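S.K.: In the numbering used here, the protein residues as written are 2 to 624.
Heads up, a few of these hints could be off.
Using C-beta positions, here's what the derived DEER-type ranges look like [unchecked claim]:
{"no.": "1", "residue 1": "601", "residue 2": "345", "range": "33 to 39 Å"}
{"no.": "2", "residue 1": "602", "residue 2": "521", "range": "30 to 36 Å"}
{"no.": "3", "residue 1": "541", "residue 2": "22", "range": "39 to 45 Å"}
{"no.": "4", "residue 1": "342", "residue 2": "210", "range": "29 to 35 Å"}
{"no.": "5", "residue 1": "357", "residue 2": "519", "range": "50 to 56 Å"}
{"no.": "6", "residue 1": "173", "residue 2": "270", "range": "39 to 45 Å"}
Using 25 Å as the maximum straight-line C-alpha spacing, the simulated DMTMM-like pairs for lysine to aspartate or glutamate come out as follows [as the list claims (entries may be wrong)]:
{"no.": "7", "residue 1": "495", "residue 2": "595"}
{"no.": "8", "residue 1": "484", "residue 2": "346"}
{"no.": "9", "residue 1": "122", "residue 2": "595"}
{"no.": "10", "residue 1": "502", "residue 2": "209"}
{"no.": "11", "residue 1": "502", "residue 2": "225"}
{"no.": "12", "residue 1": "544", "residue 2": "127"}
{"no.": "13", "residue 1": "107", "residue 2": "209"}
Note that these hints are calculated values from the structure, not bench results. Model, not experiment: these values are computed from the prediction. We treat Cβ as the ideally placed atom computed from N, Cα and C, and that holds for glycine.
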Amino acid sequence: MGYISAQTATTLTVQLTEQGRNLMLSTGSFISLFDKFVISDGDIDYRNTQAHGDSSSTANNSAQLGYLPDATGQDNNYKNSISDGYTIDNAVWQTPSANKVFNTTKKYMAIGVKGTDNLVKYYRNEVEIDVYLSDYYVLCKLLAAKYIDDHKDVLSSASTLISTAMTSYFENTLNIYNNSDYLNFLNTLSEHGVGQYIDYVDSVKVYDGTNFSTSSVKLVPLKDDSYYNALALAGGAFMNRGQHTGIDFAGTNLKGLQLPSPFSLVFSPGLDENGSRFLRGSGRYGIGFAAFDVGYLNCGGTTIWNQNGESYPTFTMNSTQNGWVSNLAGDTEPLIGFVSSIDMEREVSASQTGFNNPAYKNIDTTIPSTRLVINVTNTNYAPTYYPIKLKRLTKNQGEYIDINNNNNKGVRITYTTHPSDTFGLLMGSMEYTANWNTSEQGLKTGGAHFSVYPSKDNGLSVGAASVIAETDPYYTLFTRQAKMADDIFITIAKQNNSYWKTDTYSGGYIAGLSGSGVTSYNISIPISWEVHSSDHNGITPCKLTVRFKFNKAALAPSLAYKNVASQNYYRMYDNATFRFYGEAGADRSSYSEDPRGHNSSNPWQTSGGKALFFKVTRGQVIN
Numbered sequence: 002m003g004y005i006s007a008q009t010a011t012t013l014t015v016q017l018t019e020q021g022r023n024l025m026l027s028t029g030s031f032i033s034l035f036d037k038f039v040i041s042d043g044d045i046d047y048r049n050t051q052a053h054g055d056s057s058s059t060a061n062n063s064a065q066l067g068y069l070p071d072a073t074g075q076d077n078n079y080k081n082s083i084s085d086g087y088t089i090d091n092a093v094w095q096t097p098s099a100n101k102v103f104n105t106t107k108k109y110m111a112i113g114v115k116g117t118d119n120l121v122k123y124y125r126n127e128v129e130i131d132v133y134l135s136d137y138y139v140l141c142k143l144l145a146a147k148y149i150d151d152h153k154d155v156l157s158s159a160s161t162l163i164s165t166a167m168t169s170y171f172e173n174t175l176n177i178y179n180n181s182d183y184l185n186f187l188n189t190l191s192e193h194g195v196g197q198y199i200d201y202v203d204s205v206k207v208y209d210g211t212n213f214s215t216s217s218v219k220l221v222p223l224k225d226d227s228y229y230n231a232l233a234l235a236g237g238a239f240m241n242r243g244q245h246t247g248i249d250f251a252g253t254n255l256k257g258l259q260l261p262s263p264f265s266l267v268f269s270p271g272l273d274e275n276g277s278r279f280l281r282g283s284g285r286y287g288i289g290f291a292a293f294d295v296g297y298l299n300c301g302g303t304t305i306w307n308q309n310g311e312s313y314p315t316f317t318m319n320s321t322q323n324g325w326v327s328n329l330a331g332d333t334e335p336l337i338g339f340v341s342s343i344d345m346e347r348e349v350s351a352s353q354t355g356f357n358n359p360a361y362k363n364i365d366t367t368i369p370s371t372r373l374v375i376n377v378t379n380t381n382y383a384p385t386y387y388p389i390k391l392k393r394l395t396k397n398q399g400e401y402i403d404i405n406n407n408n409n410k411g412v413r414i415t416y417t418t419h420p421s422d423t424f425g426l427l428m429g430s431m432e433y434t435a436n437w438n439t440s441e442q443g444l445k446t447g448g449a450h451f452s453v454y455p456s457k458d459n460g461l462s463v464g465a466a467s468v469i470a471e472t473d474p475y476y477t478l479f480t481r482q483a484k485m486a487d488d489i490f491i492t493i494a495k496q497n498n499s500y501w502k503t504d505t506y507s508g509g510y511i512a513g514l515s516g517s518g519v520t521s522y523n524i525s526i527p528i529s530w531e532v533h534s535s536d537h538n539g540i541t542p543c544k545l546t547v548r549f550k551f552n553k554a555a556l557a558p559s560l561a562y563k564n565v566a567s568q569n570y571y572r573m574y575d576n577a578t579f580r581f582y583g584e585a586g587a588d589r590s591s592y593s594e595d596p597r598g599h600n601s602s603n604p605w606q607t608s609g610g611k612a613l614f615f616k617v618t619r620g621q622v623i624n
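Given the sequences, and given the hints that come with them, work out the whole structure.
M.R.: And the structure:
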């Protein structure tokens with residue numbers, strides 16, 4: 002394109018291709034030929050293998066072969082002949098064929114995500130979201146740290162200082178001075194989708210060009226690796242009653258990986274426009290630790306495990322005098338050991354056939370507890386248990402709170418009624434194993450006994466003195482699940498087949514990993530779904546790709562990692578450091594000590610403006 006002055010006579014010499022000549026002869030109007038223009042590499046005909054004609058002028062020479070004449074206006078240095086078959090494949094019309102690019106009659110599936118401004122934006126076509134699991138780990142530590150006094154004397158390397166340090170962090174960094182402040186803090190996190198689950202999707206809608214509506218949603222994995230990546234992270238899990246509660250891989254065709262995952266992938270329903278019914282898959286999508294089930298430990302033979310600080314109990318049940326029942330008594334089978342919430346609350350009544358059953362006469366303790374089934378492929382291993390500290394059950398004896406505003410009563414054992422507070426209490430509870438025999442190993446075979454002791458890997462018991470001296474590891478519900486996640490991440494990354502996929506996060510990978518083995522590595526696990534409407538036809542689906550990213554080095558300041566007694570384990574009570582790196586986890590260039598963001602100018606961001614917890618990295622915004 003060029004400007005021709007009207008004041009000076011100008012001759013325009015045109016060199017035409019065969020197609021141009023034909024159009025010139027057949028059209029009859031020279032001007033009518035020009036209805037579009039091109040943006041291209043106009044000096045080159047890439048199919049021509051002949052070098053530039055003027056070899057003496059380096060200014061006009063090019064390493065590329067072939068050229069088109071007169072594109073620069075200097076016809077004396079260029080060939081006059083043009084390749085006969087040269088055509089333009091793509092051109093831009095000088096006048097748009099329509100005045101609207103967006104077709105309002107077309108309907109799209111739209112993915113809603115909360116931004117750092119806490120507002121939901123909807124995206125269509127192809128949407129990519131990064132989820133920063135390192136932030137989630139630090140949040141778990143924060144929620145558990147509220148109950149530091151229950152555990153510091155045994156599980157902290159700074160037992161005399163850690164309580165003061167935690168109080169200073171909550172007051173000076175988070176501005177939390179009382180239970181009401183803490184409840185408001187937890188509510189703020191929940192509004193952003195942060196709690197037991199990290200909700201990286203707020204909602205899924207149908208967009209018709211003007212309005213949004215709710216529809217039931219169907220997710221279709223785009224490739225085998227998306228299916229298996231999702232299955233591995235979710236554990237192929239189902240919750241069931243009985244001793245085999247936990248992870249089951251039956252019917253999944255999961256190849257090469259039979260490890261329990263601590264995570265659950267949650268796809269919540271959403272309310273329709275009338276608020277009258279829930280529609281499948283249209284609500285929040287999240288990931289979080291949820292491999293455990295909840296129930297009670299009915300035990301006898303209570304003794305004290307540690308001599309300093311708040312006591313942890315042990316339960317040695319190997320005779321009828323300390324709670325073990327060899328023969329059933331009464332009309333009801335006694336519920337001894339771990340009992341699911343459903344069984345406990347539906348089947349045990351305060352009657353002769355309930356707790357008045359003679360079989361319960363030596364059961365002196367009932368403790369709310371969580372449970373994990375870790376060794377899913379070895380049915381000989383006992384599960385692990387995480388009972389609530391007895392201090393929590395007796396501290397406010399006789400103090401009750403309303404439940405569901407319905408005059409029902411429950412015991413107050415947490416500082417607030419927020420579910421994230423309960424989650425934090427559970428995450429900090431120490432691990433126990435049921436010893437089913439007399440050798441103090443967590444095996445189901447070898448003897449008809451049920452005793453419960455603090456433990457380490459493989460059901461082996463640990464002593465309080467060795468835990469305090471850091472010569473034996475300890476686990477909590479949180480740190481056990483963190484170790485389970487390590488196993489999942491590393492195993493997926495090492496798979497050399499088509500069932501698994503990891504992609505880059507920073508610095509590149511060898512089979513999906515970088516860094517110094519298990520102590521420092523990055524991993525990114527992508528899962529891609531096609532998001533469809535189950536209720537309506539003719540709605541363009543959305544391709545949703547979520548990358549679950551974990552950078553272990555980003556945990557180092559907040560969560561210690563050690564090796565003792567040939568076991569790698571996390572320590573969560575040694576310092577009051579909380580660093581949320583988010584998007585900056587790869588290089589640790591900036592962070593926030595507050596999960597809500599660095600300050601009011603950086604909400605849900607680090608000091609360097611990097612997003613916390615999750616971020617949309619690609620997507621066409623619907624304005």
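S.K.: So, for every hint listed, does it hold in this structure?
M.R.: Quick rundown of the hints versus the structure:
no.: 1; hint: 601 x 345: 33 to 39 Å; in the structure: violated (47 Å)
no.: 2; hint: 602 x 521: 30 to 36 Å; in the structure: holds (32 Å)
no.: 3; hint: 541 x 22: 39 to 45 Å; in the structure: holds (44 Å)
no.: 4; hint: 342 x 210: 29 to 35 Å; in the structure: violated (48 Å)
no.: 5; hint: 357 x 519: 50 to 56 Å; in the structure: holds (52 Å)
no.: 6; hint: 173 x 270: 39 to 45 Å; in the structure: holds (41 Å)
no.: 7; hint: 495 x 595; in the structure: violated (35 Å)
no.: 8; hint: 484 x 346; in the structure: violated (32 Å)
no.: 9; hint: 122 x 595; in the structure: holds (24 Å)
no.: 10; hint: 502 x 209; in the structure: violated (35 Å)
no.: 11; hint: 502 x 225; in the structure: holds (9 Å)
no.: 12; hint: 544 x 127; in the structure: holds (5 Å)
no.: 13; hint: 107 x 209; in the structure: holds (6 Å)
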